[in-house]
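Protein chains in written order, with the numbering used here: chain A, 1 to 521; chain B, 1 to 358; chain C, 1 to 309.
Because the hints were derived from the structure by calculation, they are not lab data. Treat each hint with caution, since some may be false.
Said to hold, decoys possible - Facing chain B, according to a computed beta carbon distance under 10 Å, are these residues of chain C, among others:
(1) Phe75
(2) Val92
(3) Ala107
(4) Gln111
(5) Gly115
(6) Gln116
(7) Val118
(8) Gln119
(9) Ile121
(10) Trp226
(11) Ser272
(12) Met273
(13) Val277
(14) Asp289
Unchecked claim - Just a sample of chain C residues kept apart from chain A, beta carbon distances all over 10 Å, derived:
(15) Leu167
(16) Asp174
(17) Ser175
(18) Ile182
(19) Val244
(20) Ala261
(21) Ile270
If you're wondering where the values come from, they're calculated on a predicted model, not measured in any experiment. Idealized CB from N, CA, C, for every residue including glycine.
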Amino acid sequence: MSDTGSSTSSQHPRLELKGITKAYPGVLANDHIDLKVLPGEIHALLGENGAGKSTLVKIIYGALKADAGTIRWNGNLIDIANPHAARKLGIGMIFQHFSLFEAMTVTENIALSMPGRQNMAKLSKRIVEISENYGLPLQPNRHVHTLSVGEKQRIEIVRCLLQNPKLLIMDEPTSVLTPQEADKMFLTLRRLSEEGVSILYISHKLDEIKALCHKATILRGGKYISECDPTVETAKSLAEMMIGTDLKAPKHDNTKERGQVRLKVHNLNMDSNDQFGVNLNLINFEVRSGEILGIAGVAGNGQVELLEALSGEALCKIPEAILFENKPIGDLGPSQRRKQGIAFVPEDRLGHGSVPEMSLVENAFLSAYGQKQLISNGFIDTKKTKQFAKEIVENFDVRTSGVSHAANSLSGGNLQKFIVGREMLQDPQLIIIAHPTWGVDAGAAASIHQAIIDLAAKGTAVLVVSQDLDELFAISNRMAVIAEGRLSVGRSVQELSIEEIGLLMGGTSKSDSQKEFESVA
Amino acid sequence: MLLKIEKRPEASQLMVYATPIFALILTILTGSFLFHFLGVDPVEGLRNFFIKPIDNTYGATELLVKATPLILCAIGLSVGFRANVWNIGAEGQLTMGAIFGGGVFVYFHDVDSVFLLPMMIVMGAIGGALWAAIPAFLKTRFNANEILTSLMLVYVALLVLSLLVHGSWRDPDGFNFPESRLFSDSATMPILIEGTRLHFGTIIALFAVLGTWIMLSKTLIGFQVKVIGAAPKAGGYAGFSQKKIIWFSLLFGGAMAGLAGVSEVSGPVGQLLPSISPGYGFTAIIVAFLGRLHPVGIIFAGLLMALTYLGGETAQINLGLPVAVTGVFQGMVLFYLLACDVLVNFRIRFTLFGRAAS
Amino acid sequence: MTGYEWIIPVILTVITAATPLVFAGIGELVTEKSGVLNLGIEGMMLVGAVTAFVTATVTGNYFLAVIAAAGAGAFMAFLFGILTLSLMANQVATGLALTLFGVGISALIGQDFVGQPVQAIPKVDIAGLSDLPVVGQILFGQDPLVYLSFIMAIGVSWFLYKTKAGLILRAVGDSHDSAHSIGYSVVTIRYLAVMFGGAMSGIGGAYLSLIYTPMWAENMTSGRGWIALALIVFATWKPSLVIVGAYMFGGITILQLHAQAAGFDVPSQILSMLPYVATIVVLVIISKDESRIRKHAPACIGKIFHPAS
């Protein structure tokens, strides 16, 4: 029985989609998309943020229902009602945002995605077996919140492998890994492919796709663009298919003299407020006028804590740990730091950088009321605030039908431009920007990058914290890496390679990077 | 047919104003069934409940008398609710306001001064604020849930009042009834319209509404309240202190409830009794929500809830309905409002199964 | 006289004071473990109490009365579920609404029954065992609901930590997004958890009107629903500690009653404040350690889940 089953299936593509369409209010997320994945094929699904990749794979995984279109599995027309049904067919999925339960153990997490009752002891044993077999070491009794991001991803992979998948869907799996960790994962994926498992690999990282994938399907704006062989395409041709137009790299003058030191952080230690957080350990760096310092690192290595310490949302015990223009500011709150001429763009646009339900006018007031003197005689100067909001919208090309609309009615890119604009128009001496283009479309990203560079050219000191190495290499003058709450020595971008940064991001590996961190202290 | 709940791209302003009206209509519809079930003609029941009580001048003024404490408490609570501070102990703060305000009279009952009443009003506000300061302190210092602490303090405040009127504050000439002396003229709220019970407390409530409106829409502290409630992290980013807002909104809410308490005992009640409020502090929670936490909305909602009190009494007298109908109506309004509120952020669409909605 | 006889009636009354809290607390614990905060316990208990009382008075059947109370509590919780789970209303506001509504509707239902007496549910009498000295009455002479309360607590503990269904329920409370994305119906699971909580609160209410004070009075729960909520914080979401907490509060209530009866020279009002003040004190002591609360509280508690996003 099983023999005939596999022989018939080998004649058909493992998965074949035709005309998949899915509409959300106001957007057509998927517009008649076709996709074919063969057995044992590593197939890339390539597209920008908002191209419709995530919607499409959620449909394949049964988490969303298509409005129209057909799905064939080994040649048979099927209807995937829910993720349980998908898993039963042999479809496994690894989400970009892990579907894990922090308060539970590795085994419990895996048991939750297995059908029926599980003998926990036996399951633990199988987890160890599989994880060793595929080079994905895991301890079954650890609680998830104690694990690193890389380890969490391993749970996701092992969870899928335990169910002998025929198709593995991976959504941006390397975005949370160091380059070295990613390479290790590729080995596992190639082995799976050799064993006949198909892999649908979602990414917008072209080098990765060229190195790993056999085929690529390209999506743009919810539409199917083409299918190609990524190994014969160049990164440039892939990028053009993905973006549609060719993008200009930001203009950048790296030869200019840097001015005086604006921000100096000296032996900053800080314990995290969050039980799952990272403590900062002897952080040292400085940012000069006109300079862009990039801080790279895998998420969850102390970025949140460092940003809170710099913004004043968390106060330092020693005021002198943070010096702004030679004055200690470590014990000042956010408003007082703003008064000195520091501006901040936090990571989370909705809920941190802005109040989602409030209008753009109110959100303009949020952080600028002091610098822009938007309060007169104890009352909010609505007229002036409105003017300021309009100024941001005009200068930073924020697409909105009016400043009285709520922040959460804007697209991610436009809201990000609004927040960046609000901070930049306060004429800061120092601006600290977290993940400036995270989840932003390519057009908005390019304009934000240009704005950052222009601001630095006018003499502002800029600190950018990002996970996106391409971004940091494109805009920074100097770069440092944060790993496990420690910061490496900042070095000029010209002297740095991706490999070196990757090693530093790995943190406490026994390589030279250890020295980098020690030499700081 | 499929019922689909879809998130709106932006909250619907129309629905913000429309859902309280939907809720009212649904309550009236359900109320009709309830009347029918209780053996009363629904039309007659509704007429007695919603129209009869206010079809004369005295009734209309009584509506204002009942609405006054509701509006005062609700306006205070609304500031807290906006800041995500869940003070549900307004009933206790109201009681403490009555005790502090009434206490002034108990100790100075033989003083006949124009300063007596203002003193009582100020002490009433202070009493309410002090009582609310307890949950504020426990929340900011020990992280104790303000819902539970403020609620527990309601029971404690009621027992304190009971202790006082049974004990040292009992009227020496009162035949041992658990009541204080009747308040003298200089300790009583001036009557606004002769022959009615409409009193100066209503004016205080109106000023409180106006002041709160300005505070919320025009001042930095009001802005901070709204930001901390809607997005605490954004508040921290802007440099607003969450603890300060917790203190502010609880003290403010307590002071307003305290004013309600003192205006009741120096108004329609006229003395301290073991029970001085038919649950105004709890009904005020409904008023605050029904009024959309907005000062003007709270006036309308306060009047409506006051009407349910009067309606309950009228229906009891004329139709022999149990007075508990009032509570059912009040609970129902809030239920329906919360249900209808889904329409503010979501829209409901009927789609044919498996087919794209055009 | 050996000197300890007085303690037996005290223990017996502590048990009756604690049992309603055990029911309500265990029920709400399950609700909260699924990630839902239902502040309407007080309302559900009142409706349970009045339903049980009316059913018992009309039919004379106690079993039916307890079942009806559980059903009424579950129905109230179902209303809460419609609002918070299907219509995504704020859980805190809806819980308050449930309590306010419960106060009103129970008063309406019970208005003709105020002051009527009912025979309390008889206690178990196991020949031989119940007559044993000291332990006989305490262990073998309780009313059936006391035993049920322990069975429920043990059963819930077993369910939550030893069964797959319990694991799923906890998973939904830990991360509803993860649970949804691996294919569990978050809303259905939460409906069940919320309704279980309602049924337990209903039985807790029935205990009050059929056993603790066999009668019906408006607002007769006098804050027990809120104390049950505090209990769960006290117990850091552990079933066994809910029992400990319930008996502690039961003890304080009874102590206060006995002190009043013994004619202590303290005004009765001061003594009556004790359970409420104790609740605040306990809450403060437990909440002081913020990280401990955060570690044990279900991560999704009170958060609204909208599957399409």
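Checked hints:
1. Phe75: Check failed: Cβ of phenylalanine 75 of chain C comes no nearer than 13 Å to chain B, outside 10 Å.
2. Val92: holds (6 Å)
3. Ala107: holds (4 Å)
4. Gln111: holds (4 Å)
5. Gly115: violated (14 Å)
6. Gln116: violated (15 Å)
7. Val118: violated (20 Å)
8. Gln119: violated (26 Å)
9. Ile121: violated (26 Å)
10. Trp226: Since the shortest Cβ distance to chain B is 5 Å, the answer is holds.
11. Ser272: Nearest chain B Cβ about 5 Å off; hint holds.
12. Met273: Interface hint status for methionine 273 of chain C: holds (5 Å vs cutoff 10 Å).
13. Val277: holds (7 Å)
14. Asp289: holds (8 Å)
15. Leu167: Per Cβ check, leucine 167 of chain C is inside 10 Å of chain A; nearest 6 Å; violated.
16. Asp174: Given that some Cβ of chain A is not farther than 10 Å from that of aspartate 174 of chain C, nearest at about 4 Å, it is violated.
17. Ser175: violated (5 Å)
18. Ile182: About 5 Å separates isoleucine 182 of chain C from the closest Cβ of chain A, which leaves it inside 10 Å; violated.
19. Val244: holds (22 Å)
20. Ala261: holds (46 Å)
21. Ile270: Given that every Cβ of chain A is farther than 10 Å from that of isoleucine 270 of chain C, nearest at about 40 Å, it holds.
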